[in-house]
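Peer 1: First to last, the sequence lines map onto chains U and B.
Counting along the first sequence from 1, when you hit position 3 you're at 3 in the numbering used here, and nothing is skipped either side.
Counting along the second sequence from 1, when you hit position 18 you're at 18 in the numbering used here, and nothing is skipped either side.
Keep in mind that the hints were calculated from the coordinates and are not lab data.
Hints are supplied without guarantee of correctness; some may be wrong.
Restricting the straight-line Cα-Cα distance to at most 20 Å, the calculated cross-link-like pairs of lysine to any residue (SDA-like) are [unchecked claim]:
id	chain 1	residue 1	chain 2	residue 2
1	B	K96	U	N52
2	U	K71	U	V54
3	U	K44	B	S108
4	U	K11	U	V54
5	B	K9	U	L39
6	U	K44	B	M84
7	B	K57	B	T5
8	B	K9	U	L60
9	U	K44	B	K57
10	B	K96	U	N51
11	B	K96	U	K11
Anything over 10 Å on all C-beta distances counts as not near chain U; from chain B, calculated [stated by the list, open to error]:
id	residue
12	S26
13	F59
14	A88
15	Q95
16	L97
To give an idea of the chain U side of the interface with chain B (calculated C-beta under 8 Å), a few residues [as the list claims (entries may be wrong)]:
id	residue
17	A2
18	A5
19	G40
20	G42
21	L45
22	Q48
23	G53
24	G72
25	D74
26	T98
27	F100
28	D102
29	T103
30	Q104
It should be emphasised that the depicted structure is a prediction, and the values quoted were computed from it without experimental measurement.
Ideal Cβ positions, reconstructed from N, Cα and C, are used throughout, including at glycine.
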Amino acid sequence: EAGVAQSPRYKIIEKRQSVAFWCNPISGHATLYWYQQILGQGPKLLIQFQNNGVVDDSQLPKDRFSAERLKGVDSTLKIQPAKLEDSAVYLCASSLGTGFPDTQYFGPGTRLTVL
Amino acid sequence: AQRVTQPEKLLSVFKGAPVELKCNYSYSGSPELFWYVQYSRQRLQLLLRHISRESIKGFTADLNKGETSFHLKKPFAQEEDSAMYYCALISRGFQKLVFGTGTRLLVSP
């Protein structure tokens, strides 16, 4: 079975620019997650979707970050405008969305560098 | 508040030595705990789940509710075990994963 796909794998931008990341979850997975992993830290959940609805975005900096999951499959995460402290790896994960606990499968991540 | 603490950033052992990666948690409820592993140039992947009570690649982890710990153990380390290990707990309801800061395990020949 194909895993979670993410693109691009690397992105370098200057502060105040905009950037977007794309995620394609495992087929049939209802739940999709975006995590931010800053160097030296564990992943931190930014937003969680169940199908195309948001169930948790409490740690998403909504003044500059936005995410959508149209049609309940692919998702995009956008940062506008980027700050230096947004430099991190952005991980997408997906899970079936049934049962407890629901195992999450991670993509390879997008490494963002903000100069 | 939910929190996972991994006190060691780096654990260095020799091949064949026993390994214990420490994990402590705080959670107001009955937690479900996981260990995730990230090998060099690979994606983060699930190693084992508390609920399964399984042994994967020789690793085991026991939940100690009294000490609020979920330490990962292996009796004889192998070089291929060198990786970054993350302890995580999941909350009921939204099933939000909370990760620790990770421990890098380095197994030398």
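Peer 1: Confirm or reject each hint.
Peer 2: Evaluation of the provided hints:
Simply put, B/K96 and U/N52 have alpha-carbon atoms about 17 Å apart, close enough for the 20 Å limit, and the pair holds. About 13 Å separates the Cα atoms of U/K71 and U/V54, which keeps this hinted pair within 20 Å; it holds. Taking the CA atoms of U/K44 and B/S108, the gap is about 31 Å. The hint is violated against a cut of 20 Å. A threshold of 20 Å between alpha carbons decides the hint, and for U/K11 with U/V54 the separation of about 26 Å lies outside it, so the pair is violated.
For a cut-off of 20 Å, the pair hint linking B/K9 to U/L39 stands: about 12 Å separates their Cα positions. Under the criterion of a C-alpha separation no larger than 20 Å, the hint pairing U/K44 with B/M84 is consistent with the structure, at around 16 Å. The straight-line distance between the Cα atoms of B/K57 and B/T5 is roughly 23 Å, outside the 20 Å bound, and the hint therefore fails. Distance hint between B/K9 and U/L60 is unfulfilled; the C-alpha atoms sit about 27 Å from each other, more than 20 Å.
This hinted pair does not check out: U/K44 and B/K57 have alpha carbons roughly 27 Å apart, beyond 20 Å. Between B/K96 and U/N51, the direct Cα distance comes to roughly 16 Å. Compliance with the 20 Å bound is thereby established for this hinted pair. Between B/K96 and U/K11 the CA atoms are separated by roughly 27 Å; this puts the pair beyond 20 Å, and the hint is violated. Every CB of chain U is more than 10 Å from the CB of B/S26 (nearest about 15 Å), matching its label as outside the interface.
No beta-carbon of chain U is positioned within 10 Å of the beta-carbon of B/F59; the least distance is around 17 Å. A cut-off of 10 Å between C-beta atoms contradicts the statement that B/A88 is not in contact with chain U; the least separation is 7 Å. Remark: the non-interface label on B/Q95 conflicts with the geometry, its nearest Cβ contact in chain U lying 5 Å away (cut-off 10 Å). With a closest Cβ-Cβ approach of about 6 Å to chain U, B/L97 is found to fall inside the 10 Å limit, against its non-interface label.
Among the interface hints, the one on U/A2 is violated; its C-beta lies about 13 Å from the nearest C-beta in chain B, farther than the 8 Å criterion. Because the smallest distance between the Cβ of U/A5 and any Cβ of chain B comes to about 11 Å, over 8 Å, the interface hint for this residue is violated. With its C-beta approaching chain B no nearer than about 7 Å, U/G40 sits inside the 8 Å limit, and its interface hint holds. Taking 8 Å as the C-beta contact cut-off toward chain B, the hint placing U/G42 at the interface holds, the least distance being around 3 Å.
Checking U/L45 against chain B by beta carbon gives a least distance of about 6 Å; that is within 8 Å, so the hint holds. For U/Q48, the interface hint holds, since its Cβ comes within 8 Å of a Cβ in chain B; the closest pair sits about 6 Å apart. Given hint, U/G53 at the interface with chain B, is violated; its Cβ is 12 Å from that chain's nearest Cβ, farther than 8 Å. Because the closest C-beta pair between U/G72 and chain B is about 17 Å apart, greater than 8 Å, the hint is violated.
Interface restraint check for U/D74: the shortest CB-CB distance to chain B comes to about 18 Å, outside 8 Å, so the restraint is violated. Proximity of U/T98 to chain B is violated relative to the hint, the smallest CB-CB distance being about 10 Å (cut-off 8 Å). Interface hint at U/F100: satisfied, since its Cβ lies 6 Å from the closest Cβ of chain B, which is below the 8 Å cut-off. The beta carbon of U/D102 is positioned within 8 Å of a beta carbon in chain B (closest approach about 5 Å), and the interface hint is therefore held.
At about 6 Å, the closest approach between the beta carbon of U/T103 and any beta carbon in chain B falls short of 8 Å, and the interface hint on this residue holds. Taking 8 Å as the C-beta cut-off, the interface hint given for U/Q104 holds, the closest approach to chain B being about 6 Å.
Taken one by one, the earlier hints fail for this structure at numbers 3, 4, 7, 8, 9, 11, 14, 15, 16, 17, 18, 23, 24, 25 and 26, listed in ascending order.
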